[in-house]
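Colleague: Read off the chains here:
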Amino acid sequence: GENVEQHPSTLSVQEGDSAVIKCTYSDSASNYFPWYKQELGKGPQLIIDIRSNVGEKKDQRIAVTLNKTAKHFSLHITETQPEDSAVYFCAARESYGNKLVFGAGTILRVKS
Amino acid sequence: IAGITQAPTSQILAAGRRMTLRCTQDMRHNAMYWYRQDLGLGLRLIHYSNTAGTTGKGEVPDGYSVSRANTDDFPLTLASAVPSQTSVYFCASSAENTGELFFGEGSRLTVL
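Respectively, the protein sequence lines represent chains A and B. Numbering of the first sequence is given in the working numbering, commencing with residue 1 and proceeding in unit increments. Numbering of the second sequence is given in the working numbering, commencing with residue 1 and proceeding in unit increments.
One or more hints might be untrue.
Stated by the list, open to error - 25 Å max Cα-Cα, derived SDA-like pairs, lysine to any residue:
#: 1; chain 1: A; residue 1: K22; chain 2: B; residue 2: E100
#: 2; chain 1: A; residue 1: K42; chain 2: A; residue 2: L11
#: 3; chain 1: A; residue 1: K68; chain 2: A; residue 2: R51
#: 4; chain 1: A; residue 1: K42; chain 2: B; residue 2: G53
#: 5; chain 1: A; residue 1: K37; chain 2: B; residue 2: R28
#: 6; chain 1: A; residue 1: K22; chain 2: B; residue 2: G99
#: 7; chain 1: A; residue 1: K37; chain 2: B; residue 2: R22
#: 8; chain 1: A; residue 1: K57; chain 2: B; residue 2: E96
#: 9; chain 1: A; residue 1: K71; chain 2: B; residue 2: G99
#: 10; chain 1: A; residue 1: K42; chain 2: A; residue 2: P82
#: 11; chain 1: A; residue 1: K57; chain 2: A; residue 2: D84
#: 12; chain 1: A; residue 1: K111; chain 2: A; residue 2: D27
#: 13; chain 1: A; residue 1: K37; chain 2: A; residue 2: R51
#: 14; chain 1: A; residue 1: K37; chain 2: B; residue 2: A79
#: 15; chain 1: A; residue 1: K111; chain 2: A; residue 2: H76
#: 16; chain 1: A; residue 1: K37; chain 2: B; residue 2: V60
#: 17; chain 1: A; residue 1: K57; chain 2: A; residue 2: G41
What the hints assert, rightly or not - Quick list of the computed label-pair ranges, beta carbon to beta carbon:
#: 18; chain 1: B; residue 1: A52; chain 2: A; residue 2: N67; range: 36 to 44 Å
#: 19; chain 1: B; residue 1: T20; chain 2: A; residue 2: G16; range: 43 to 51 Å
#: 20; chain 1: B; residue 1: A15; chain 2: A; residue 2: N67; range: 42 to 50 Å
#: 21; chain 1: A; residue 1: D59; chain 2: B; residue 2: N70; range: 31 to 39 Å
Calculated directly from the structure, the hints in this document are not laboratory data. Beta carbons: idealized from backbone N, C-alpha and C, even for Gly.
Starting from the given sequences, assemble the full structure and let the hints guide the process.
Modeller: Have a look at this one:
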């Protein structure tokens, strides 16, 4: 089945700097890669996703890139703000069964 | 719009006791899921249901059971709780056309 690895496990950046979180996946037939943000005491919430027919997608300060050959995808947050502090999860949808497999999560701390 | 409602918010339970975590959605989504979240392990799928009347096993189903009698409700039962089931449990639902998961706020369960 699908296996998703996520790095780093924790990331601390200065306000205004960029943050990058990277994930790799094992199932070359996976075609959907969402990113979820989890604030303290809340459930995860979708912030951006990308499908395998696209290499990059942007939404204001966040962007996701996908390299299908290398089987990795990354989340980029520019001009970080304190409210970006949260746990971020990447995920990949299994080609068989259609279920999402999540990475272990990254704790992002934006220092002001 | 409530979305996903989980109950209880938190619970302390003696080992060996039976416990049911409740989950209700008002979005008329066909698919529903139960995940557990543990530090360093991310979100792991316990059980899922693609539509009312059907259920399936996820990555970590042992010790848990689910039922899906109707579209809105998807309870998770621990027949005889063990300390390793101490975790935060998230219920989620998804619409077929987008694949986006909508999560509840979680149920924190401690088994002593």
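Colleague: Indicate, hint by hint, whether the structure satisfies it.
Modeller: Now for the hints, and whether the structure bears them out:
1. For a cut-off of 25 Å, the pair hint linking K22 of chain A to E100 of chain B stands: about 20 Å separates their Cα positions.
2. Annotation: proposed proximity of K42 of chain A to L11 of chain A holds, straight-line Cα distance about 20 Å (limit 25 Å).
3. Of the supplied pair hints, the one linking K68 of chain A and R51 of chain A holds, its CA atoms being roughly 10 Å apart against a limit of 25 Å.
4. As the CA atoms of K42 of chain A and G53 of chain B are separated by approximately 29 Å, the hinted pair breaks the 25 Å bound.
5. In summary, the hint linking K37 of chain A to R28 of chain B is supported, as the alpha carbons are separated by about 24 Å, within the 25 Å threshold.
6. Taking the CA atoms of K22 of chain A and G99 of chain B, the gap is near 22 Å; set against the 25 Å cutoff, the hint holds.
7. About 23 Å separates the Cα atoms of K37 of chain A and R22 of chain B, which keeps this hinted pair within 25 Å; it holds.
8. Between K57 of chain A and E96 of chain B, the direct Cα distance comes to roughly 22 Å. Compliance with the 25 Å bound is thereby established for this hinted pair.
9. At most 25 Å may separate the alpha-carbon atoms for a hinted pair to count; K71 of chain A and G99 of chain B meet this at roughly 20 Å.
10. Taken as a hint, the K42 of chain A and P82 of chain A pair is honoured in the structure, with Cα atoms around 17 Å apart against an allowance of 25 Å.
11. With a C-alpha separation of about 19 Å, the suggested pair K57 of chain A and D84 of chain A falls inside the 25 Å cut-off, and the hint holds.
12. Among the hinted pairs, K111 of chain A with D27 of chain A is inconsistent with the structure: their alpha-carbon atoms are about 36 Å apart, more than 25 Å.
13. Distance check on the hinted pair: K37 of chain A and R51 of chain A sit about 18 Å apart at the alpha-carbon level, within 25 Å; holds.
14. As the CA atoms of K37 of chain A and A79 of chain B are separated by approximately 32 Å, the hinted pair breaks the 25 Å bound.
15. Of the pairs offered as hints, the one joining K111 of chain A and H76 of chain A holds, with about 17 Å between alpha carbons and a cut-off of 25 Å not exceeded.
16. A threshold of 25 Å between alpha carbons decides the hint, and for K37 of chain A with V60 of chain B the separation of about 23 Å falls inside it, so the pair holds.
17. At most 25 Å may separate the alpha-carbon atoms for a hinted pair to count; K57 of chain A and G41 of chain A exceed this at roughly 28 Å.
18. Range check, A52 of chain B to N67 of chain A: about 39 Å between beta-carbon atoms, so the 36 to 44 Å window is met.
19. For T20 of chain B paired with G16 of chain A, a C-beta distance near 47 Å keeps the hint of 43 to 51 Å intact.
20. Between A15 of chain B and N67 of chain A the Cβ separation comes to about 46 Å, which falls inside the hinted range of 42 to 50 Å.
21. Hint check: D59 of chain A to N70 of chain B, Cβ distance near 35 Å, so the stated range 31 to 39 Å holds.
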